[in-house]
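4 protein chains.
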Amino acid sequence: MTRIAILGATGYTALELLKILARHPHVEVTALTTRQDSKPHISEIHPALTGQFDLVCENLSAEEVGQRADIVFCALPHTASMEAVPQLLDAGCRVIDLSADYRLSDPGVYEKWYGHVHTDPTRLSSTVYGLPELFMDRIPSAELVANPGCYTSTSILGLAPLLAAGLIESSGIIIDAKSGVSGAGRTPKLGTLFSECNESVTAYGIGTHRHTPEIEQVLTDICGSDVQVAFNPHLIPMDRGILCSMYPRLKQQKSVEELLNVYREFYRGQPFVRIVENIPATKHVAHTNFCDISVRLNRDQLVVFSATDNLIKGASGVAVQNMNLLMGLDQRTGMLAC
Amino acid sequence: MTRIAILGATGYTALELLKILARHPHVEVTALTTRQDSKPHISEIHPALTGQFDLVCENLSAEEVGQRADIVFCALPHTASMEAVPQLLDAGCRVIDLSADYRLSDPGVYEKWYGHVHTDPTRLSSTVYGLPELFMDRIPSAELVANPGCYTSTSILGLAPLLAAGLIESSGIIIDAKSGVSGAGRTPKLGTLFSECNESVTAYGIGTHRHTPEIEQVLTDICGSDVQVAFNPHLIPMDRGILCSMYPRLKQQKSVEELLNVYREFYRGQPFVRIVENIPATKHVAHTNFCDISVRLNRDQLVVFSATDNLIKGASGVAVQNMNLLMGLDQRTGMLAC
Amino acid sequence: MTRIAILGATGYTALELLKILARHPHVEVTALTTRQDSKPHISEIHPALTGQFDLVCENLSAEEVGQRADIVFCALPHTASMEAVPQLLDAGCRVIDLSADYRLSDPGVYEKWYGHVHTDPTRLSSTVYGLPELFMDRIPSAELVANPGCYTSTSILGLAPLLAAGLIESSGIIIDAKSGVSGAGRTPKLGTLFSECNESVTAYGIGTHRHTPEIEQVLTDICGSDVQVAFNPHLIPMDRGILCSMYPRLKQQKSVEELLNVYREFYRGQPFVRIVENIPATKHVAHTNFCDISVRLNRDQLVVFSATDNLIKGASGVAVQNMNLLMGLDQRTGMLAC
Amino acid sequence: MTRIAILGATGYTALELLKILARHPHVEVTALTTRQDSKPHISEIHPALTGQFDLVCENLSAEEVGQRADIVFCALPHTASMEAVPQLLDAGCRVIDLSADYRLSDPGVYEKWYGHVHTDPTRLSSTVYGLPELFMDRIPSAELVANPGCYTSTSILGLAPLLAAGLIESSGIIIDAKSGVSGAGRTPKLGTLFSECNESVTAYGIGTHRHTPEIEQVLTDICGSDVQVAFNPHLIPMDRGILCSMYPRLKQQKSVEELLNVYREFYRGQPFVRIVENIPATKHVAHTNFCDISVRLNRDQLVVFSATDNLIKGASGVAVQNMNLLMGLDQRTGMLAC
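Protein chains in written order, with our numbering: chain A, 2 to 339; chain B, 2 to 339; chain C, 2 to 339; chain D, 2 to 339.
Please note that a few of the clues may not be correct.
Claimed, not checked - The list that follows gives simulated cross-link-like pairs (lysine-lysine, DSSO-like), each with its CA atoms no further than 30 angstroms apart:
id, chain 1, residue 1, chain 2, residue 2
1, D, LYS113, D, LYS40
2, D, LYS40, C, LYS252
3, C, LYS255, D, LYS252
4, B, LYS40, B, LYS20
5, A, LYS255, B, LYS113
6, D, LYS40, B, LYS190
7, A, LYS190, A, LYS40
8, D, LYS255, C, LYS252
These are calculated hints, taken from the structure and not from any lab test.
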């Protein structure tokens, strides 16, 4: 059994990770951390896990984690992650970092969008971006995997095939994204109170959302020329799920069927991307690691729909895909029959 | 007291109309109709109205309605409305039609989008489109007012000032609209069951939604040249509210403040349109007749946000605005202090 | 116009008060307070109020409030209220206190349930409990009205007629209450985050909820002998609304119709209590000041259902009823046609 | 691989069954039925299953089902089930019936509550009631298992230990049950529309809900003397989950800890019942086969809380437990690590 630690066990991504790992046949969770010193049992933090793990959350050093675990999921806030990751790697662990700290390869871009100088800049260019559908070949041998953001994966998976095929303009791509509230995390804030979010929809972070440079970096990598998106996130009253409605400009007219075939070809053999004929609904992917994609033509305007569960395919599910690849396993292990 | 009838009293628009009219100082509701012959009391149909109206819903002819009412709200399904309206007008009533039957001025366009030959085509060109913020001068003297669709009003109010001022391209305007479920009506259907809609977001009617030609017709009227939109409605898990996120192309760069001033000037003196600095949220307009509008620049891409309560400003509230204008009253009567 | 101040303008009860007062014909809001010193405009705090009030929230002393207002709604947290209220009364204001500080007539009971010594104990016995359906005669001349709790009003209105008539046992009354989340206030807490409450139902405060002694005190007052309830509140995923399902023991068997007649007689002439034949649903009273009540027999077990909007009839609506009575107006003013 | 058929594949219980069976290591789904003749692919009916099953839903006879399957889940409406089950048994299948048709052992009780004469009455007394925590020894050898109702299991699991131990009175047990909307099924009805259920809570079926006799029959069986409950179901705005708040009368006072120990002893070794110290919340059991139980004392009044996912532990999850037992497997197979 591979020994697993999770740093930052109190949030929703840790909860979903643990739900998946509870059924995984080849791993054992051996350490959970929190900054609290009271050593709460994990089932006090997450009552849903009662009876599934007999573990307390401890305030452990990187060295202590390194003695207990082979692979570490780092679910810390940004800036906390760039402090912990080098120590974990030094301690001999392989790390899947769920924060944003290692996703952007250019420390200047990081500083611009996150407002902090990166303290581990030299590692950025060599970190593997953990979107297995695009970077499957680089992940298995990685020491450090930067797990993608939720909006990011959903957007990229929906746009990559068309950009790779040169079918759409690389600039001016409008992304209208709708997310459930769990994406905002578990720290109490006015804006994520039930009575503020329920029975309401609004947008936020227009022009400033930090997933923007991440989407552009990865798509530019795929496309070969500069990709520029207008990313517009919205908050809607549901727990989980992201639907990205994306409006790129086709270079030349194509039929829906031709476009769907581009996607089918691109994702051939990928178990977690489903090219569907219906318009994707987040309910159909909720609590799964699937990303459902389809396209429509609204007269001449192409619309690409991409739907995920923001906590699974957008965070903890893809993290387990990455873990499986690090372990040399089928990426479906613990999530789908394989 | 002006005598009021509502045809089709069992739906949500009738319910919201009655809630508003219950507090209106100058009208008395005298007739409610339904196709059922069992004469249900209105509080059996809408328990929320218990104690507010002592009226039964009757299967009345147009002539009978004409004897009882001065102004009739026709909340029938499309095609049923075009049958009833001519009879109501013949019976001497003034009519506010909440269906789509008299909104499109070209019977050919109606037939194309609704799949029915219009049986009262000659009246279309003379019907007044009941969006008071744009057509205030035509409404007071009208015999028949076509009350706008919910997506329609929300979209038009957000785009009209920029088109009228020639600031945006008139084609290729992307509208990404998010609506609560009540917009789909009260007839039981699989797609509007709680367990289908809740915890889900999806799109529908891409390229085929019938509010498209209505938006284009009115905006073309305002703009003077052909307006073409890509209208993309989405269903989100809430009772009521519409947020339209709209992506027009600016002809030349403007600041957010310059653009907001265009809106403020355009809607000066309009009590129900609020140009706000925050991004509108449907919660802030829910259960009111307000339309909140703001703009943002996402780098160079203009984003216009417009929010309404689909049942109030999108249907029954604007209908009462129209009724007030027909009666020569301040349009706020019964809805805001005036 | 009577001049009105609201202390503690940032919460949900203040928001709902302001929505009602915006349409009230005989009052003018002249002061809003907050502990913040930044003087935020009320529409920054509550965007829903944009365009309705041109007021900033100020950190005012009781004396300053007294100079600006005739009647003060005190929407402060408990303990803060008992500090402010004496000063407001000294400054010549009449006060409607929405906190719990003046609801319990026995300072020892207050201390036991709230964990604080009451600093204004002598005023407790003379404070009027502001439930107009029960204490209509005492309110008009009051200087200080203790506005009831939300669970409290809903429970009391459902039980008072049967206790007053001696039809049920006064002890062992089980109250199973279900509340929307807004009842928990607007201060960010883990337990009221959207992602914690949504798609979940649970109970809390079993045996310790502070509305227990308030319910018992008022019902004991009505009944003439000690009333004892087992109050069991539950949190359900909706914004607003309380449904109390109550299980008292009938002293002797009665029919549903006989029981409903007891209620009808008890509440004759009361515009805001509706005795209904259907089982009350919170949706039917949402955004209104109504309390809907009905009863059922489950074989021999009596079930009383009582439903309110926790923010209106449970807080701000009843506060306006009280204000109307202080002003010598019809209690419906500003809320129902009258 | 054991061959599995599901009769009535279009509902929510079939959907959840298929989600579980997709990951089950020892079964293969070989037939799905519907009364439609159009042979829809299962992913058209349930898009969530796309890519997981390549099966069409067919209008098959019992004989045809018998040729294709070893074990049949019968997810038909009541009365349809009692027609199909005898044929399926004759065809050599073992059957897990998810309808109510075989749950009541007395055909007279069935007729009274369901309003139909039972057409297969002789089989009733020999049918095994499929609640494994209580009837583990009878299930493995059964030909026909009556899968329990959702409210039923949740209530019974919460009350059985105390009744078996003689700690509570067997009559006058009040059950206040709160259920998500999916329990009402997937057939479009006014009462389960999103816009009717959302932002509302109400009760229904007081004194008439058909799970009443089922609860009483099983508990009477456990208790040895007649059990009588007042069952009061409520509908709350969430997809899934049941919380039963139950108010039995203790025969003599016990502490919470003593009572929890009675439960822990009763359910020792049962993997799907968790005796928890926190008050159960439906969120903590959603999408799992767990039943979480705890107790509180509200002064002298005992309160028992029991929470399940109505579609899993309340229907499809317990059905898989039963299937596992029929197959001689660990009952956790396909649901928990074992």
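A quick look at each hint next to the structure:
1. D:LYS113 x D:LYS40: 37 angstroms, violated
2. D:LYS40 x C:LYS252: Given that 30 angstroms is the threshold and the Cα spacing comes to 60 angstroms, the pair is violated.
3. C:LYS255 x D:LYS252: Measuring from Cα to Cα gives roughly 28 angstroms; hence the hint holds.
4. B:LYS40 x B:LYS20: Judged against 30 angstroms, a Cα distance of about 20 angstroms means the pair holds.
5. A:LYS255 x B:LYS113: Roughly 24 angstroms separates the two Cα atoms, so the pair holds.
6. D:LYS40 x B:LYS190: Holds, at about 21 angstroms.
7. A:LYS190 x A:LYS40: Roughly 25 angstroms separates the two Cα atoms, so the pair holds.
8. D:LYS255 x C:LYS252: Distance of about 28 angstroms is within 30 angstroms: holds.
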